[in-house]
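From first to last, the protein sequence lines stand for chains A and B.
Using the working numbering, the letters of the first sequence map in sequence onto residues 4 to 165.
Using the working numbering, the letters of the second sequence map in sequence onto residues 11 to 430.
Please keep in mind that the hints were generated in silico from the structure rather than gathered at the bench.
Note that beta-carbon positions come from the ideal geometry of N, C-alpha and C, so glycine has one too.
Please note that the accuracy of each hint is not assured.
As the list claims (entries may be wrong) - Each pair of labels, with its calculated beta carbon distance range:
hint, chain 1, residue 1, chain 2, residue 2, range
1, A, 127, B, 250, 55 to 65 Å
2, B, 382, A, 134, 28 to 38 Å
3, B, 63, A, 134, 47 to 57 Å
4, B, 287, A, 115, 34 to 44 Å
5, A, 164, B, 26, 22 to 32 Å
6, B, 181, A, 111, 43 to 53 Å
Unchecked claim - Sample of chain A residues at the chain B side, in silico, Cβ under 8 Å:
hint, residue
7, 14
8, 16
9, 22
10, 65
11, 67
12, 87
13, 91
14, 94
15, 101
16, 105
17, 106
18, 154
19, 155
20, 156
As the list claims (entries may be wrong) - Restricting the straight-line Cα-Cα distance to at most 25 Å, the calculated cross-link-like pairs of lysine-lysine (DSS-like) are:
hint, chain 1, residue 1, chain 2, residue 2
21, B, 59, A, 48
22, A, 161, B, 59
23, B, 255, B, 268
24, B, 403, A, 49
25, A, 135, A, 124
26, B, 428, B, 386
27, B, 181, B, 214
28, B, 181, B, 195
29, B, 195, A, 11
30, A, 161, B, 181
31, A, 79, B, 59
32, A, 86, A, 131
33, B, 57, B, 90
34, A, 140, A, 124
35, A, 11, A, 161
36, B, 63, B, 81
37, B, 67, B, 38
38, A, 6, A, 51
39, B, 38, B, 268
40, B, 57, A, 86
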Amino acid sequence: MAKAHVYKRDHINTDEIIPARYLNTDNMAELAAHCMEDLDTNFVKKCKPGDCIVAGDDFGCGSSREHAVWALQGAKVGAVIAKNFARIFYRNCINCGFYPIELANATEVINDGDEIEVDYKKGVINNKTQNKEIKFKPLPDFAIEIINDGGLLEHIQKRTAD
Amino acid sequence: MGMTITEKILAAAAGKSKVEPGDLIDAKVDCIMCHDVTTPAAISMLKEKGIDKVFDKEKIVVTPDHFQPAKDIKSAELHKRLDTWAREKGIRYYYPLGKAGVCHALLPEQGHIRPGEVIVGGDSHTCTYGALAAFSTGIGSTDLAAAIATGTLWFRVPESIKFVLNGKLGKGVYSKDVILAVIAKIGTDGALYKAMEFVGPALKEMSMEARMTITNMAIEAGGKNGIIGFDEITKKYLDEHLKDKKEYKVYESDKDAKYEQTIEIDCSKLEPIVALPHLPSGGQPISKCAGIKMDQAYIGSCTNGRIEDLRIAAEILRGKKVAIRTIIVPATPVIWKQAKDEGLFDVFYEADCVISAPTCGACLGGFMGILAAGEKCVSTTNRNFVGRMGSPKSEVYLASPATAAASAIEGKLVDPRKYL
Chain A
4 MAKAHVYKRD
14 HINTDEIIPA
24 RYLNTDNMAE
34 LAAHCMEDLD
44 TNFVKKCKPG
54 DCIVAGDDFG
64 CGSSREHAVW
74 ALQGAKVGAV
84 IAKNFARIFY
94 RNCINCGFYP
104 IELANATEVI
114 NDGDEIEVDY
124 KKGVINNKTQ
134 NKEIKFKPLP
144 DFAIEIINDG
154 GLLEHIQKRT
164 AD
Chain B
11 MGMTITEKIL
21 AAAAGKSKVE
31 PGDLIDAKVD
41 CIMCHDVTTP
51 AAISMLKEKG
61 IDKVFDKEKI
71 VVTPDHFQPA
81 KDIKSAELHK
91 RLDTWAREKG
101 IRYYYPLGKA
111 GVCHALLPEQ
121 GHIRPGEVIV
131 GGDSHTCTYG
141 ALAAFSTGIG
151 STDLAAAIAT
161 GTLWFRVPES
171 IKFVLNGKLG
181 KGVYSKDVIL
191 AVIAKIGTDG
201 ALYKAMEFVG
211 PALKEMSMEA
221 RMTITNMAIE
231 AGGKNGIIGF
241 DEITKKYLDE
251 HLKDKKEYKV
261 YESDKDAKYE
271 QTIEIDCSKL
281 EPIVALPHLP
291 SGGQPISKCA
301 GIKMDQAYIG
311 SCTNGRIEDL
321 RIAAEILRGK
331 KVAIRTIIVP
341 ATPVIWKQAK
351 DEGLFDVFYE
361 ADCVISAPTC
371 GACLGGFMGI
381 LAAGEKCVST
391 TNRNFVGRMG
401 SPKSEVYLAS
411 PATAAASAIE
421 GKLVDPRKYL
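So here's chain B without its partners, still in its complex pose (with noise of 0.2 Å):
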């Protein structure tokens, strides 16, 4: 029996030479990834036990970015412990303000991500990083601090699903959709504790990071992990973005490796998707919620604010203004020249939009456009619990960057297909 590209990538870290769906494995961890929220407990945990060392400084990656800039006085607070231990610690990678920028935005543009190894991250969309051919999955503090400062940890080596994504998709869908559509189809936990890798010819069709935004989503159907193979796309992307170590190795999925089911989706078939409050399964194509009236229209976040959804956005905004509250936030200082530079800020300056500092801001309810109570928000974002953004009585809708962007046109859910 053949394995599948998860669990090739974790027996290798285990030094195994195989392991299978269950097994409890001792993993090698190559990168970890730390921001404002959940390391600043991690380092005091160390700290309180006496074990307070960094297992490698070259392979943890820091970055404020939930509250930064700091919102408050407690926040700051925490990027004053993010930062002291940063530079006491001599993390060679530290990104604080002005080169901070929404992590999972910034750790692949940074080129800290290689096929085949192991990232952790104190964040549930660490799972993000599968797209380029990693197992990569999010943690809590307290594995944080374990991972810090050992350089190993625990996994059950989980089942996968194959997620088989067939045909092209339609003018104005995008990867966003096919998300969407996949939580939809299987529920938030529809995937609990599963590898889900995703396979098909539409994958062909997208850039690296519109594949980002579809393994980004992984956690919200329940995934330990989302991950997509190596390809020439993938590549491509390294070349440009890896830095100081450019060796990785490449794990594909055996042809006879085990799947615990296979979804198919057709993506030819799909239309441009909104999830309705309050749960990302609740997915329903635009025909059948277009019309509800939107107070806000939120573009960015680790899941749709890179520069290809800000091009998007840009594309149907041009010349147009926007009915409701508008907030672009490009989530990395790079995306944010890049937009400054190819002209996108004069468009959104025009359309009467505001342009945000790189931060993961009103995604999470931080700042920089929480909701009212019974205020409604269409949001290229990846959560729409109940408060998330604000307020427990306000709502999110998810959505791509057309979609929010049209809907921020017309103050309503609209199908972005007639601005293109």
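The shape of chain A in the complex, shown without the other chains (with noise of 0.2 Å):
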């Protein structure tokens, strides 16, 4: 069961994400090592596989880097939930086939610790925590092709190669 960890922060930025002391590598594994270590040393320990991340405001604002999805892919988050994103993350999500979810009332209808299941093609959070329902609106159909694709770059070559 995949657990959310809730952080009542607008502006998580990207060096929050990754710092940029450890961009010197484009490597998953060795990113992944340090994922949002600037803001919560003991993330990594406590991220289970399919965990999901629930943020306020403009997360991911700041650097392009891309580093700071495939960190979040390596410690296996299984999405973040925020009330928005900043657009260069937000796109980097999609390329990279990593669910993006804006829920404009996310850090008050989920708590640290829920359990969560998501469902993103019906666009449904279901808290088993609290036993609710929780709505957003699912990404457009273009974005979702991309991430079944499997990110960008394989959308490209499956519609070249159709």
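Hey, can you piece these two chains together into the complex? The hints should help.
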């Protein structure tokens, strides 16, 4: 069961998600070891595969480093649920086949440690701890297509092959 | 209904006569900026997928800058991958060490940016080039890979916000103070996904370099691009810098173009601004934050590492001694030589500053001036996030070159105007 790790913070930036001192590599496993390090040094230890990060406004602001998404993917984070996302980070997520979920009241309806299940297609988060279903606006179709294809390059390949 | 300059450029790149905010378009890309942190990954992705090609070797500009010269073995490996690829593909505009500079200072200086073009780069501050009436935006490695291979990229046409810069800047107040004031006013997500179009009389008094400081920080307000229309100052800069291809197309916003918002700033009322930790929106007038003790001053970066910035700093430092570690980082080799030839290095040397080779260096906590826990740095860079320049327990204060230089002399934040 996926757990929610809630950070009641706006503007969690890419320097916090993966500090620049680790940008001398693009190896996912190496990056994952430092995921969220400058925000929460325990994050990597407590995050189990499929767990979700829940945060406030403007998640992923700052640098264009896709390393931020790779660090989250490498740490096996299932999705980030935030009130909204910074533009480049949002795009990088989709391009990497990773779900950015926009939910206006994210940090109010999900508490730290809640057990949740996300249905990406239907746009529903099942908060099992609170026994509540939370609706979110699913990503646009073309973005879901890219994610389902495994990312932008896979999508381009597939489209060219078709 | 008319169109904004951003909409016109994107429409042309998509082969359409009209676009509206919210439209998804496939646009042709005219120039792609590649550096050492985000490009090696893009190269590997293309190789892995078996689409190892470049759409046009004349339209890709490559320079290592973030960890240049290589700061450790891992970054040396990144540089090696970038270098091997650039040579293998015959990239025409490759700037290896010796020619390499901070990308956003280097590309305009070397004549790679033209009005009306669509430019993308694997770096969030790619929005800098909008100062030259181009559409320019930062992308991640996967988008970069797609652009390198296909020369096209999908975009959502952004809504535009118009920023009218009225009045005249007072002495000791610079374009950096203007953009810090704008970001303080609207917040780091105040222009999320939007085009930030800057207009108004205050721009007429700004050089192209000063304008680039403004568009450079559009991303710090969440903007997709920052853009300034073409005028005589743009033309003069282009006449001096364009080399191989001198033609370009000038687009202007229509009088009846639609803006989501119009925000007016009276530049004559601004005083020097310092963005306090830990967000670029933490701007405060110097009168409210003077006196905070600093441990280091850093003058450089794609925001304020150009010759004009170094001249401003040197004017204040001439004949003085700094009280704290002060690092000067000319952004490109051309700027470095210019500063040397103008005697600015003597000024910095006499003042006990250290002068670095062109690099992004400590701006993003790479090297060349990393902060220890508890240390504070007044910096002419663009971000003051937690841990940005070193320890997560250090603090960065964003300011103009004048404020940074004056603060270096006193070892605390001070109003630079008393030194001018």
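Evaluated hints:
At about 58 Å, the beta-carbon gap between residue 127 of chain A and residue 250 of chain B stays in the expected band of 55 to 65 Å. Between residue 382 of chain B and residue 134 of chain A the CB atoms are about 49 Å apart, so this pair departs from the stated range of 28 to 38 Å. Evaluation of the 47 to 57 Å hint for residue 63 of chain B and residue 134 of chain A yields a pass: the beta carbon distance comes to about 53 Å. Taken as a hint, the range 34 to 44 Å is violated for the pair residue 287 of chain B and residue 115 of chain A, whose Cβ atoms sit roughly 25 Å apart.
Range check, residue 164 of chain A to residue 26 of chain B: Cβ separation about 27 Å, and the 22 to 32 Å hint holds. Against the hinted window of 43 to 53 Å, the Cβ-Cβ separation of residue 181 of chain B and residue 111 of chain A comes to about 49 Å, which satisfies the hint. Nearest Cβ of chain B to the Cβ of residue 14 of chain A: about 5 Å, under the 8 Å cut. The hint holds. Because the beta carbon of residue 16 of chain A sits about 5 Å from the nearest beta carbon in chain B, less than 8 Å, this interface hint is met.
Given hint, residue 22 of chain A at the interface with chain B, holds; its Cβ is 5 Å from that chain's nearest Cβ, closer than 8 Å. Restraint check, residue 65 of chain A versus chain B: the minimum CB separation of about 6 Å is within 8 Å; hint holds. For the restraint placing residue 67 of chain A at the interface with chain B, the shortest Cβ-Cβ distance is roughly 4 Å, inside the 8 Å limit, so the hint holds. Taking 8 Å as the C-beta contact cut-off toward chain B, the hint placing residue 87 of chain A at the interface holds, the least distance being around 7 Å.
The restraint placing residue 91 of chain A at the interface with chain B holds, with a minimum CB-CB distance near 6 Å, inside the 8 Å limit. This hint holds: residue 94 of chain A has a C-beta 7 Å from the nearest C-beta of chain B, less than the 8 Å allowed. Interface hint at residue 101 of chain A: violated, since its Cβ lies 11 Å from the closest Cβ of chain B, which is beyond the 8 Å cut-off. Taking 8 Å as the C-beta cut-off, the interface hint given for residue 105 of chain A is violated, the closest approach to chain B being about 12 Å.
Taken as an interface hint, residue 106 of chain A does not check out: its beta carbon lies about 16 Å from the nearest beta carbon of chain B, beyond 8 Å. Taking 8 Å as the C-beta contact cut-off toward chain B, the hint placing residue 154 of chain A at the interface holds, the least distance being around 6 Å. Of the supplied interface hints, the one on residue 155 of chain A holds, with its beta-carbon coming within about 5 Å of a beta-carbon of chain B, less than 8 Å. With a cut of 8 Å, the hint placing residue 156 of chain A at the interface with chain B holds, because the nearest CB-to-CB distance is about 5 Å.
Only pairs whose Cα atoms come within 25 Å are accepted, and residue 59 of chain B paired with residue 48 of chain A is rejected, the gap being roughly 33 Å. Under the criterion of a C-alpha separation no larger than 25 Å, the hint pairing residue 161 of chain A with residue 59 of chain B is consistent with the structure, at around 11 Å. At roughly 33 Å between alpha-carbon atoms, residue 255 of chain B and residue 268 of chain B are farther apart than 25 Å, so this suggested pair is violated. Proximity of residue 403 of chain B to residue 49 of chain A is assessed by CA-CA distance (about 23 Å); at most 25 Å being required, the pair is judged to hold.
Straight-line distance between C-alpha atoms of residue 135 of chain A and residue 124 of chain A comes to about 18 Å, which keeps the hinted pair within the 25 Å bound. Our distance criterion of 25 Å between C-alpha atoms is met by residue 428 of chain B and residue 386 of chain B, whose separation comes to about 23 Å. With a C-alpha separation of about 16 Å, the suggested pairing of residue 181 of chain B with residue 214 of chain B holds against the 25 Å cut-off. About 22 Å separates the Cα atoms of residue 181 of chain B and residue 195 of chain B, which keeps this hinted pair within 25 Å; it holds.
Pair hint residue 195 of chain B plus residue 11 of chain A holds up; C-alpha atoms about 23 Å apart against a cutoff of 25 Å. Simply put, residue 161 of chain A and residue 181 of chain B have alpha-carbon atoms about 58 Å apart, too far for the 25 Å limit, and the pair is violated. For a cut-off of 25 Å, the pair hint linking residue 79 of chain A to residue 59 of chain B stands: about 23 Å separates their Cα positions. This hinted pair checks out: residue 86 of chain A and residue 131 of chain A have alpha carbons roughly 20 Å apart, not beyond 25 Å.
Of the pairs offered as hints, the one joining residue 57 of chain B and residue 90 of chain B holds, with about 16 Å between alpha carbons and a cut-off of 25 Å not exceeded. Simply put, residue 140 of chain A and residue 124 of chain A have alpha-carbon atoms about 10 Å apart, close enough for the 25 Å limit, and the pair holds. Taking the CA atoms of residue 11 of chain A and residue 161 of chain A, the gap is near 39 Å; set against the 25 Å cutoff, the hint is violated. With a CA separation close to 29 Å, the supplied pair residue 63 of chain B and residue 81 of chain B exceeds the 25 Å bound.
Distance restraint check for residue 67 of chain B and residue 38 of chain B: the Cα-Cα separation of roughly 15 Å lies within the 25 Å cut-off, and the hinted pair is therefore satisfied. Simply put, residue 6 of chain A and residue 51 of chain A have alpha-carbon atoms about 8 Å apart, close enough for the 25 Å limit, and the pair holds. For the hint pairing residue 38 of chain B with residue 268 of chain B, the CA-to-CA distance comes to about 24 Å; that is within 25 Å, so the pair holds. Distance hint between residue 57 of chain B and residue 86 of chain A is unfulfilled; the C-alpha atoms sit about 36 Å from each other, more than 25 Å.
The structure fails hints 2, 4, 15, 16, 17, 21, 23, 30, 35, 36 and 40 (numbered hints given earlier, in ascending order).
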